[in-house]
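Could you build the full structure based on these sequences and the hints that come with them?
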Amino acid sequence: MNEKNLISLQTLCTHYSIEISFVDALNKMGLIQIEIIEQNQFIHQDQISVLEKIIRLHNELNVNLEGIDVVLNLLEKERALRDELNSLKNKLRLYEND
Amino acid sequence: MAFIDYYKILGVSKTATEKTIKTAYRKLARKYHPDLNPDNKEAEIKFKEINEANEVLSDPENRKKYDKYGKDWKHGEEFEKAQYQRKQRSQHRSGQQGYSAHEYSDFFESMFGGRETSSRQGRYPKFKGQDYHAELHLGLKEVYKAHKQVLTVNNNNIRLTIPAGVENGQVIKIKGKGGQGLNGGPNGDLYIKFIIENHSQFKREGNNLYQNIDLDLYTSILGGEITVNTFNGKVKLKIKPETKNASKVKLKGKGFPIYKKEGKFGDLIITFHIKTPINLSEKEIELFKELQKIKAK
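The listed protein sequences correspond, in order, to chains A and B.
Each position in the first sequence, counted from 1, maps to that position plus 5 in the numbering used here.
Each position in the second sequence, counted from 1, maps to that position plus 29 in the numbering used here.
Heads up, incomplete: computed chain B residues facing chain A, CB under 7 Å, no partners named:
no. : residue
1   : R59
2   : D64
3   : N197
4   : G198
5   : K232
6   : E234
Below, a list of computed lysine-lysine pairs in the DSS-like style, where the Cα atoms sit at most 30 Å apart:
no. : chain 1 : residue 1 : chain 2 : residue 2
7   : B       : K202      : A       : K94
8   : B       : K204      : B       : K293
9   : A       : K96       : B       : K279
10  : B       : K97       : B       : K37
Computed spacing ranges between beta-carbons, pair by pair:
no. : chain 1 : residue 1 : chain 2 : residue 2 : range
11  : B       : H166      : A       : E40       : 37 to 45 Å
12  : B       : K293      : A       : N10       : 18 to 26 Å
13  : B       : S276      : A       : Q38       : 50 to 58 Å
14  : B       : K324      : A       : K94       : 41 to 49 Å
15  : B       : H166      : A       : N10       : 30 to 38 Å
By construction, these hints were calculated from the structure, which means they are not laboratory data.
Cβ atoms here follow ideal geometry from the backbone N, Cα and C, with glycine treated the same way.
Have a look at this one:
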């Protein structure tokens, strides 16, 4: 993982107006990975979109962390199914054109 | 401008308590939230309607106004007066951060004017801007190689590098290029769906390409060498003697580029269709009869 793409947890929490303990809890649940370099906590930029989604689900829909875990897993499953459906549709088109 | 029944949108009665309205809003928001309904435009529209209804009905002052003039708001003398005053006020605030008007219906705008974020910001959550969805039609040849393209979405030019091997129906997300966020929330994203039109002689399935090739009877029986078209040029192909009809050969690495794996390609699968000779000369017929006799023995 490239250190250049790490964002300090402090900066993130200030930007999104969230408590560090909230991100800590996400880390403990395995929803977000925190990198520790020289006693400073960082988050990789690839995880920002997931973090934003979690914040929205938590703040806008009052979903608790366990619920967010379930939701993210189901969304991931749904995405995989949609990809599969898309791929199967493409395959079907191949045979329909014959 | 159509009248919008906010009570109906939230599925509550006109006598519903604040708590009932809040519960109904929460329930519907959980159902139609854009994060839970990716790529679902209907849900997005519904979510906006629910938010709009909640904005009005959760605020006692707005609710009162809506209840009073709701359907007949056009005839409300006082409403017109208040509208005028509000307009005057909003002109004074023109330098402040405004509300993205297109996020609300014309009906909402006419009733309550532009949203006064400066005084209410703390009471409303931040919302991510609207996600935009666009379709990009490309030919199969165009996605054989990575190329750059400039797209114009809502008057914004977006430079895009389209990686080789993009699939038909594949959607890519460009972060922050959607609608503006509300209450300081992040911008929405731009989703581009690729529609790949195939006018080539090849059929594509994933990273593999398929092609049917007609083979004359003699080459199929005796073997030989033919030249076949691949996506990036011609190649010579050895035909084994006694090649059967509908048999397949795989040309490794001559298929379509694998998405985001530079230098890696799928395979080209060729199916042979053996053509029976027609309009035979007498000599040919004679020779075929001879062959038939030999085979019978």
